[in-house]
Amino acid sequence: MKKQKLAVIGNGMAGIRTVEELLKIAPDKYDITVFGSEPHPNYNRILLSPVLAGEQTIKDIVLNDWDWYKDNGINLITGKTITEIHRTRRELKTNTGEVFGYDRLLIATGSNPFILPIEGKSLPGVISYRDIADTEAMIDAAKLYKKAVVIGGGLLGLEAANGLKLRGMDVTVVHVMPWLMERQLDEKAGKLLQASLEAKGIEFKMQGQTEALIAGESGRVAALRFKTGEQIPADLVVMAVGIRPNTSLAEKSGLQVSARPGGIIVNDTMQTLTDPRIYSVGECVNHRGTAYGLVAPLFEMAKVCANHLAEYGIGRYVGSVTSTKLKVTGVDLFSAGNFQGGEDTEDIVLSDPMGGVYKRLVIKDDKLVGACLYGDTVDGSWYFKLLREGKNVAEIRDQLMFGESNIGDVGHEGNTRAASMKDSDEVCGCNGVCKGTITKAIKDKGLFTLDEVRKHTKASSSCGSCTGLVEQLLMFTAGGDYSATPKTKPMCACTDHTHQEVRDAIKAQKLLSVPETMKFMQWRTPNGCTSCRPAINYYLISTWPKDALDDPQSRYINERAHANIQKDGTFSVIPRMWGGETTSSELRRIADAVDKYKIPTVKVTGGQRIDLLGVKKEDLPAVWKDIGMVSGHAYAKALRTVKTCVGSEWCRFGTQDSTQMGKDLERAMWRMYAPHKVKFAVSGCPRNCAEAGIKDVGVIGVDSGWELYVGGNGGIKTEVAQFFVKVKSAEEVLVYTGAFMQLYREEGWYLERTVHYLARVGLDYVKQKVIEDAANRQALWERLQFALDGEPDPWAEFDKARVDTRQFIPIKAVATAAMKEAV
Amino acid sequence: MSTTFSVIPAKAGIQTVSGNASLSVAGLTTADGLGSRLRGNDKNPAWFYVCKFDEIPVLGARVVERSESEGGNVAVFRNSENVVFALLDKCPHKGGPLSQGIVFGERVACPLHNWSIELRSGEAVAPDVGCTKRFTVKVDNGDVFVDLS
Numbered sequence: 002m003k004k005q006k007l008a009v010i011g012n013g014m015a016g017i018r019t020v021e022e023l024l025k026i027a028p029d030k031y032d033i034t035v036f037g038s039e040p041h042p043n044y045n046r047i048l049l050s051p052v053l054a055g056e057q058t059i060k061d062i063v064l065n066d067w068d069w070y071k072d073n074g075i076n077l078i079t080g081k082t083i084t085e086i087h088r089t090r091r092e093l094k095t096n097t098g099e100v101f102g103y104d105r106l107l108i109a110t111g112s113n114p115f116i117l118p119i120e121g122k123s124l125p126g127v128i129s130y131r132d133i134a135d136t137e138a139m140i141d142a143a144k145l146y147k148k149a150v151v152i153g154g155g156l157l158g159l160e161a162a163n164g165l166k167l168r169g170m171d172v173t174v175v176h177v178m179p180w181l182m183e184r185q186l187d188e189k190a191g192k193l194l195q196a197s198l199e200a201k202g203i204e205f206k207m208q209g210q211t212e213a214l215i216a217g218e219s220g221r222v223a224a225l226r227f228k229t230g231e232q233i234p235a236d237l238v239v240m241a242v243g244i245r246p247n248t249s250l251a252e253k254s255g256l257q258v259s260a261r262p263g264g265i266i267v268n269d270t271m272q273t274l275t276d277p278r279i280y281s282v283g284e285c286v287n288h289r290g291t292a293y294g295l296v297a298p299l300f301e302m303a304k305v306c307a308n309h310l311a312e313y314g315i316g317r318y319v320g321s322v323t324s325t326k327l328k329v330t331g332v333d334l335f336s337a338g339n340f341q342g343g344e345d346t347e348d349i350v351l352s353d354p355m356g357g358v359y360k361r362l363v364i365k366d367d368k369l370v371g372a373c374l375y376g377d378t379v380d381g382s383w384y385f386k387l388l389r390e391g392k393n394v395a396e397i398r399d400q401l402m403f404g405e406s407n408i409g410d411v412g413h414e415g416n417t418r419a420a421s422m423k424d425s426d427e428v429c430g431c432n433g434v435c436k437g438t439i440t441k442a443i444k445d446k447g448l449f450t451l452d453e454v455r456k457h458t459k460a461s462s463s464c465g466s467c468t469g470l471v472e473q474l475l476m477f478t479a480g481g482d483y484s485a486t487p488k489t490k491p492m493c494a495c496t497d498h499t500h501q502e503v504r505d506a507i508k509a510q511k512l513l514s515v516p517e518t519m520k521f522m523q524w525r526t527p528n529g530c531t532s533c534r535p536a537i538n539y540y541l542i543s544t545w546p547k548d549a550l551d552d553p554q555s556r557y558i559n560e561r562a563h564a565n566i567q568k569d570g571t572f573s574v575i576p577r578m579w580g581g582e583t584t585s586s587e588l589r590r591i592a593d594a595v596d597k598y599k600i601p602t603v604k605v606t607g608g609q610r611i612d613l614l615g616v617k618k619e620d621l622p623a624v625w626k627d628i629g630m631v632s633g634h635a636y637a638k639a640l641r642t643v644k645t646c647v648g649s650e651w652c653r654f655g656t657q658d659s660t661q662m663g664k665d666l667e668r669a670m671w672r673m674y675a676p677h678k679v680k681f682a683v684s685g686c687p688r689n690c691a692e693a694g695i696k697d698v699g700v701i702g703v704d705s706g707w708e709l710y711v712g713g714n715g716g717i718k719t720e721v722a723q724f725f726v727k728v729k730s731a732e733e734v735l736v737y738t739g740a741f742m743q744l745y746r747e748e749g750w751y752l753e754r755t756v757h758y759l760a761r762v763g764l765d766y767v768k769q770k771v772i773e774d775a776a777n778r779q780a781l782w783e784r785l786q787f788a789l790d791g792e793p794d795p796w797a798e799f800d801k802a803r804v805d806t807r808q809f810i811p812i813k814a815v816a817t818a819a820m821k822e823a824v
Numbered sequence: 827m828s829t830t831f832s833v834i835p836a837k838a839g840i841q842t843v844s845g846n847a848s849l850s851v852a853g854l855t856t857a858d859g860l861g862s863r864l865r866g867n868d869k870n871p872a873w874f875y876v877c878k879f880d881e882i883p884v885l886g887a888r889v890v891e892r893s894e895s896e897g898g899n900v901a902v903f904r905n906s907e908n909v910v911f912a913l914l915d916k917c918p919h920k921g922g923p924l925s926q927g928i929v930f931g932e933r934v935a936c937p938l939h940n941w942s943i944e945l946r947s948g949e950a951v952a953p954d955v956g957c958t959k960r961f962t963v964k965v966d967n968g969d970v971f972v973d974l975s
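Going line by line, the protein sequences match chains A and G.
Take 2 as the starting number for the first sequence in our numbering and just add one per residue.
Take 827 as the starting number for the second sequence in our numbering and just add one per residue.
Mixed in with the good hints there might be a few duds.
DMTMM-like mimics (lysine to aspartate or glutamate), calculated; alpha carbons at most 20 Å apart, straight line [unchecked claim]:
{"#": "1", "chain 1": "A", "residue 1": "Lys4", "chain 2": "A", "residue 2": "Asp104"}
{"#": "2", "chain 1": "A", "residue 1": "Lys25", "chain 2": "G", "residue 2": "Glu894"}
{"#": "3", "chain 1": "A", "residue 1": "Lys813", "chain 2": "G", "residue 2": "Glu894"}
{"#": "4", "chain 1": "A", "residue 1": "Lys368", "chain 2": "A", "residue 2": "Asp765"}
{"#": "5", "chain 1": "A", "residue 1": "Lys813", "chain 2": "G", "residue 2": "Glu881"}
If you're looking for bench data, these hints aren't it; they were derived computationally from the structure.
Based on the sequences and whatever the hints tell you, model everything.
In structure tokens, the structure reads:
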């Protein structure tokens with residue numbers, strides 16, 4: 002098929018990001034031509050301020066060098082401007098008169114700085130702050146002149162002022178409002194910011210209305226006059242009073258453009274309202290009435306646009322929540338959402354003017370809707386996450402102000418503050434990645450998303466407990482407008498659908514196999530990947546027990562071989578010991594198997610069982626047969642151990658027979674696959690020797706019955722289980738536990754532990770479904786019985802459990818006759 | 827005559843993919859797409875019989891056992907398009923047994939640390955870097971052979 006022609010007007014971050022996304026998913030679909038009026042390859046505009054401040058060079062901030070265009074077969078035309086779009090002929094005309102045809106067009110012309118319509122605005126020495134040329138002009142001016150005036154006390158203006166000050170100029174910031182960055186900060190934080198910039202030597206003229214710029218003898222600007230008549234000297238004037246979407250070309254071509262706040266009007270697939278062959282992304286766009294001036298939304302747009310250009314057509318852009326961070330070294334400032342609050346919101350404020358710390362959290366309907374942080378911004382990314390996810394914060398409200406570190410985390414030496422870590426400090430304990438490695442990768446490779454950091458550094462790609470730290474590093478290194486993980490996350494790179502959407506489709510359409518699901522949901526890859534295939538397989542068997550057949554090839558090796566793979570390729574075997582009890586004959590059989598199969602290590606597990614380590618794969622079936630015990634599912638996303646204390650049978654303090662309760666629970670629910678591993682514990686009295694507080698379901702016997710706790714976790718992040726319900730009888734313990742488990746099985750996302758499931762849906766919701774609604778509880782319990790009825794022991798009933806026994810038989814290659822003859 | 831028939835014992839009744847229209851399994855191909863034709867640089871292939879094609883699970887693998895002195899185990903994969911591939915059963919990362927990994931598209935994910943390896947070339951998928959030795963495979967009349975030379 003002949004390639005279509007895609008023309009991209011604008012060689013900036015949004016346009017090129019779209020091209021990158023497109024090349025990832027449909028590399029051969031288009032012949033791509035990019036037009037850029039600046040004589041540079043694509044660079045990171047956000048980092049112009051560190052360049053001005055002398056902390057980085059132009060070379061450091063290039064995102065795609067010339068070779069990148071060449072390597073990807075992109076025709077790059079710089080230094081020329083497109084002056085006309087002939088839409089009916091589908092042609093572009095440059096300022097030098099050349100004509101280019103297109104099949105699809107992408108307009109990414111970004112924005113222009115707003116120039117105050119005042120006398121003297123065009124004098125030499127008056128510039129805006131937008132691109133490399135402006136930055137270089139400022140650097141040059143700082144060598145020759147002394148007095149600089151920056152008009153505009155917003156993000157860009159302050160970064161310019163800081164840079165010019167560092168380059169030795171005397172800088173005055175003129176701002177028309179009573180406090181700085183009024184669109185990002187409330188008054189208190191704005192005043193604190195002003196004080197700290199004053200301490201750096203920058204002067205301020207607040208509520209200053211500029212009337213005119215006055216030329217000196219040389220014809221260059223020499224002074225600025227206010228409406229009050231007051232005059233201040235100025236050899237360099239930087240206008241940073243805001244940006245306007247650059248839509249002149251679009252307007253001229255008859256594309257519909259919004260009057261206020263400006264921008265080419267696009268739909269949710271980033272196509273212009275007027276002409277579906279023309280797409281637009283970035284700061285020049287108006288989407289649902291909003292024009293964005295930060296990077297994160299641009300990247301989300303780019304993804305959707307590329308998706309549509311590739312004709313996948315399933316992605317939609319639905320708007321972004323943005324956050325801001327000022328890139329002035331030594332000033333920590335963060336804001337996001339509706340930080341000003343309103344009539345129906347509540348504020349939590351921490352104010353320490355002497356210490357230079359001010360934090361304001363705005364809450365509405367138990368949800369965080371805005372945050373404004375000054376002086377201490379380490380929790381910015383965490384607040385931003387809570388805000389984007391619209392999480393209910395009622396339960397953590399009293400600790401909210403003190404940050405995520407206050408909520409407990411282990412495994413990083415208790416370190417939760419990325420900013421204060423040294424470059425040599427380890428961030429990712431699983432893969433041994435230090436802070437320096439991550440920040441270097443973010444800078445050198447121009448990374449913006451968590452996924453990119455994971456791919457390039459491996460940090461946060463294993464257990465994920467350092468994800469918060471990595472997000473903080475991204476925020477600090479790439480700037481506040483790093484591309485935050487979107488709140489509806491696709492399952493994996495094979496699809497744009499979320500876990501929930503896949504679950505829903507499997508249920509609504511009665512999909513029964515992995516290929517059928519992928520076909521229905523238009524998977525981009527032929528048979529998925531290691532993330533989506535196991536997830537889909539679980540959703541199928543949990544949604545349609547008995548109807549959907551388990552697919553062993555969509556399971557991780559442990560669940561395919563029914564044993565845990567070890568680093569040397571051998572396996573470990575953990576038989577089930579009901580409630581942690583065993584007998585002399587079981588122990589004798591285990592001991593004999595250990596001798597017979599020369600099993601190198603025998604270890605007692607934390608879950609009151611015995612682990613045989615170093616079993617060869619071909620010995621597995623024989624070991625299982627010899628020990629004559631059922632699978633402990635220690636390798637599976639399924640019910641693992643039920644830990645018990647000895648209880649009233651022996652213990653002088655015991656109030657209930659916890660061992661029997663544990664055995665009954667285990668007998669009722671073993672063979673139960675779940676979104677993630679599941680652990681229970683039963684203690685016979687509140688001394689809680691079985692450690693029920695850190696299990697998915699913990700049961701504690703008291704004199705008058707049993708207390709149930711749910712959502713505990715002793716792993717990556719220790720989570721204490723929450724009180725669920727108190728019941729009188731052992732029978733009720735079974736039903737309530739089973740009903741909760743079934744709800745989790747039906748609604749949990751794959752690899753979501755109960756604690757995370759509860760955090761997502763809320764404990765109240767689960768209580769309502771399981772405790773208050775008795776009929777629903779019974780129905781859940783019955784569905785669990787139905788699902789588990791007749792489920793096989795995978796260590797004995799190979800056929801029924803769909804265990805492919807060929808895997809246990811290694812092949813000895815046989816020389817062919819010709820080979821034998823040759824020998 | 828091509829070298830093809832010198833390595834395939836005619837008496838065993840094995841015929842080449844290209845030479846036989848009555849295949850028991852439709853649409854069989856080998857990783858290099860050469861059928862039984864050999865690469866120009868493989869002058870002295872050592873074809874070993876592995877198993878029946880049907881004995882390799884779809885989206886799965888079988889292990890051909892070899893001692894360390896012989897070079898170690900070889901993993902023989904089959905993907906959903908019924909293409910057969912063979913790689914040394916060792917991930918270039920930390921030596922994980924690739925045969926135990928999940929097969930998808932033309933890749934396998936190592937079961938130890940989830941590196942993705944291209945089945946066709948043995949190369950690790952970027953940004954990981956490394957390469958596993960690959961072996962030439964052929965399928966003849968439902969029999970799978972691998973060149974262990």
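Violated constraints from the hint list, given by number and in increasing order
The structure conflicts with hint 2 only, although it agrees with all the remaining ones.
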